[in-house]
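Visitor: So the chains spell out like this:
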Amino acid sequence: MDTQLHKDLLTKAFHIKKRFLGMYKAANAGHVGSSLSVAELLTFVRFGWMKDSDEMILSKGHAAASLYAVLAEEGILSSEDIDSFYKNNTYLAAHPPVNKVKRIPFATGSLGHGLSLAAGFGIANKLKKSDKRIFCITSDGELNEGSTWEAALFVAQHQLTNVVWLIDRNRLQGYGRTEEVMKLEPLADKIGAFGFEVIEADGHDFTSLESSKFTTQSSKRPVAIICNTTKGYGWKTYEDKVDCHYLPLKDEQYDLVLDELERGFELSKSVNIP
Amino acid sequence: MRVEFAQAIINAFDRTANLAFITGDLGYMALEKVQEKFGERFINAGVAEQNMITVAAAMAHEGFLPWVYSISPFVTLRPYEQIRNDVCLHHLPVKLVGNGGGYGYGIMGATHHNIEDIGAMRILPNMKVYVPFTASDVAQAMAQMIIDDSPNYLRLNMGAKISNEVSPFSAWRKIKNGTKGVVVGTGPVMENLLNMSIAGDLEVWVLSIFPIIELPEELIRSINVSKKLITVEEHRGECGLRETLSYHLMNELTTSIKMLSLAAAGYPSGRYGNQKWHQEENNLAGKGLSDALQHFIG
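Order-wise, the sequence lines are chains A and B.
Sequential numbering of the first sequence, starting at -8, is according to my numbering.
Sequential numbering of the second sequence, starting at 38, is according to my numbering.
Derived from the structure by calculation, the hints contain no laboratory data.
Check each hint, because a few of them may be wrong.
As the list claims (entries may be wrong) - Computed Cβ-Cβ distance ranges for the label pairs, DEER-style: (1) Leu144/A x Gly76/B: 20 to 28 Å; (2) Gly137/A x Arg52/B: 34 to 42 Å; (3) Asn55/B x Arg212/A: 26 to 34 Å; (4) Asn48/B x Lys181/A: 38 to 46 Å.
Stated by the list, open to error - When the alpha-carbon atoms are kept at most 27 Å apart in a straight line, the in silico BS3-like pairs for lysine-lysine are as follows: (5) Lys70/B x Lys120/A; (6) Lys74/B x Lys117/A; (7) Lys217/B x Lys264/B; (8) Lys165/B x Lys91/A.
Said to hold, decoys possible - Away from chain A, derived, C-beta distances all over 12 Å, residues of chain B: (9) Arg39; (10) His149; (11) Lys198; (12) Glu254; (13) Glu280; (14) Lys295; (15) Gly335.
Where is the CB? At the ideal position from N, CA and C, for every residue including glycine.
Just chain A, same shape as in the assembly:
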C-alpha cells in the first residue's frame, strides 16, 4: 500500500474515532462498540476506495456516530452539527436520518434494508449505464434478516458488479454471539453459494482492506468482503463483549480508551508499511 495513503488513513481513522468517542461520551450513549468495530472499514471505504459520485450505505445504522464522524472528517458535517448528536432538535439521531444529510441517501436502523437499497442503486445505475458504485456495509447480526438474503439473490441474479457488500464480522449481535444465536458459519460458503465472490479481510487493517479492494476490481462477479473485526476494538474493558453494544463510556473508561487510541496511533507512525 502507498505509504502516504496508509498514513493518511491512519490519521483519519484516529480523528474519526476520537470524534465519535467524544460524541458518545457527551451523549452518555451506547453503540460505542458497534462504531469501534466498523471505524477502519468506514474510513477505508470513504477515503481509500469510493469516488465522490459513488454511494455508501451504512446498513448497520446503529453505528451512525462513526458515519457522522466520517462526514465531519470530510467537511460535510460541522462541529456544531456534531455537538448536536443525540440532543433534542438535532438531525443527528442515534440512527441515520431521513433526507437531511449529504451522503446519507436513506435512513437506516431497521436491519436488513441496506443490501436491498444497494441492489436498487445497483440495478438503476446498470440500466443508466452509469459507473457509480455502491458500497454497502452490513453487520453480521443482520444476516439473520431474510431480506438480506433476498437482496443477495437479487444482486447475484442481476450480476450487479457495481455493488460491493462489506460485512462487519464481529461475531456479536444484540443478545449473544452470532454462532450461538443464529449460526452463520460457514458464512463464506453460504454467500459464495448465492453467487458472490467472497473475500476475507482484516477489517481493522488498511493493508488487508486494500488487498480486498484490488481483488474486487478484478472480479467478474458481485463481491462480498467478510471483514473480520472485533466489537469494541480498543475499548479493552468490554472488547468482544455484548456489553460494548449498550454501555456508555464512564469517565475513567473514556480516558483509558482515548489513551489506548493515542498510544496506538503514535505506535503506528513508527511501523513500516508492507
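Model the placement of chain B on the given structure of chain A, informed by the hints.
Guide: For chain B alone, coordinates are given in the frame of chain A:
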C-alpha cells in the same frame, strides 16, 4: 382492471422516459406485453417482496418511476416496513399496484384477500391510495399517479358494471341523487348497491382517493338534510372508509345523524367462496345488502 392496467402502462411507456416495471413473480397471461414493451426495464424480482420494495425505493432515488406489481397483500402487508421506511419516509414516487383488493381472489382464500390494505396504506406518510371504481377509471387514475411525485398504491379489482353515467376519475364523484339517505362508498363493490331498485331512493357518492383531504360541500349539505349516512366498502370499516369519513364529518356536520356501516367483517362462517359469495356473507351484496338498506332507510 388488470387488462386496462397493462394497456395503460404500455401506453405510458413511450411518453414517460423513466418508467420501470417490477413484478413479484406474478402476471401470467397479463403482463407478457408489458414485459415485451419494457425490455430490460421489466424486472421480475422473484418471490421476495421485501427486497422488491426497497429496490424500487432506491431506483426511484436514482430517477426511475418504478411500478411494483403483485397480488394486493403481497405488495402491501408483507413488505410493510420497507414501504414505510424506504418509500414513504423518503417521499419517493414508487407506485404500488395490488391486484385483487378486498375479496378479489375469492376461493383462493384468506391469505390472498386484502381487507386491510386501504387502511394500512392511507396512514403512511406521503402515501396516496387510488381505488378505481370502473374499468375505465384505471387509465385515468394511472395518469394522475404518473405525475404525482408521492408514493401511491393502486387497488385493482373487477371494474363496476353499472348503468349510471360516471364522470371522469376524481377523488369524489356523485353518481346519483336520492332523498332517503346518502351513501358514500369506495371501489367496485358499489355496483351491488347501484344495481338494486332501492338505490333509486338514495344519493350515492363514490370516493376513489385516500386519505380524505376535504369533503365536498354538497355532500355535507346532503348528509345534514337526510340525516342518514350509509358507508359501503369491501374493506374493514375499523381502518377504512367508515372511520376516516366519520372523523371528517365530526368537524363538518351541524346535526346528529344515523349511520349504517356496510364493511368487510372478515370470515364470519370460516368458509370460503368466490368474491360475490364473500360480499354476500358480509352484507355487501344480495339479500343481506338489500335487507340492511331497507331496514335502515325504512
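Visitor: Next step is simple, just say for each hint if it's right about the structure.
Guide: Hints, verified against the model:
1. At roughly 22 Å, the beta carbons of Leu144/A and Gly76/B sit within the given window of 20 to 28 Å.
2. Roughly 38 Å separates the CB atoms of Gly137/A and Arg52/B, a value that falls within the hinted 34 to 42 Å.
3. Distance hint check: the CB atoms of Asn55/B and Arg212/A are about 29 Å apart, consistent with the given range 26 to 34 Å.
4. Against the hinted window of 38 to 46 Å, the Cβ-Cβ separation of Asn48/B and Lys181/A comes to about 44 Å, which satisfies the hint.
5. This hinted pair checks out: Lys70/B and Lys120/A have alpha carbons roughly 25 Å apart, not beyond 27 Å.
6. For the suggested pair Lys74/B and Lys117/A, the alpha carbons sit about 19 Å apart, so the restraint of at most 27 Å is met.
7. With a C-alpha separation of about 9 Å, the suggested pairing of Lys217/B with Lys264/B holds against the 27 Å cut-off.
8. Between Lys165/B and Lys91/A, the direct Cα distance comes to roughly 23 Å. Compliance with the 27 Å bound is thereby established for this hinted pair.
9. The non-interface label for Arg39/B is consistent with chain A: the shortest C-beta to C-beta separation is roughly 25 Å, beyond 12 Å.
10. Interface exclusion of His149/B from chain A stands, the closest Cβ pair being 21 Å apart, more than 12 Å.
11. Every C-beta of chain A lies more than 12 Å from that of Lys198/B, the closest at about 39 Å, which supports listing it as non-interface.
12. With a cut of 12 Å on Cβ distances, Glu254/B stays outside the contact zone with chain A, its closest approach being about 36 Å.
13. Distance check for Glu280/B against chain A: the nearest CB is about 27 Å away, which clears 12 Å, and the non-interface claim stands.
14. Residue placement check: Lys295/B keeps its beta carbon more than 12 Å from all beta carbons of chain A (closest about 44 Å).
15. The claim that Gly335/B is not at the interface with chain A holds, since no C-beta of that chain comes within 12 Å of its own (minimum 52 Å).
The earlier numbered hints are all upheld by this structure, with none contradicted.
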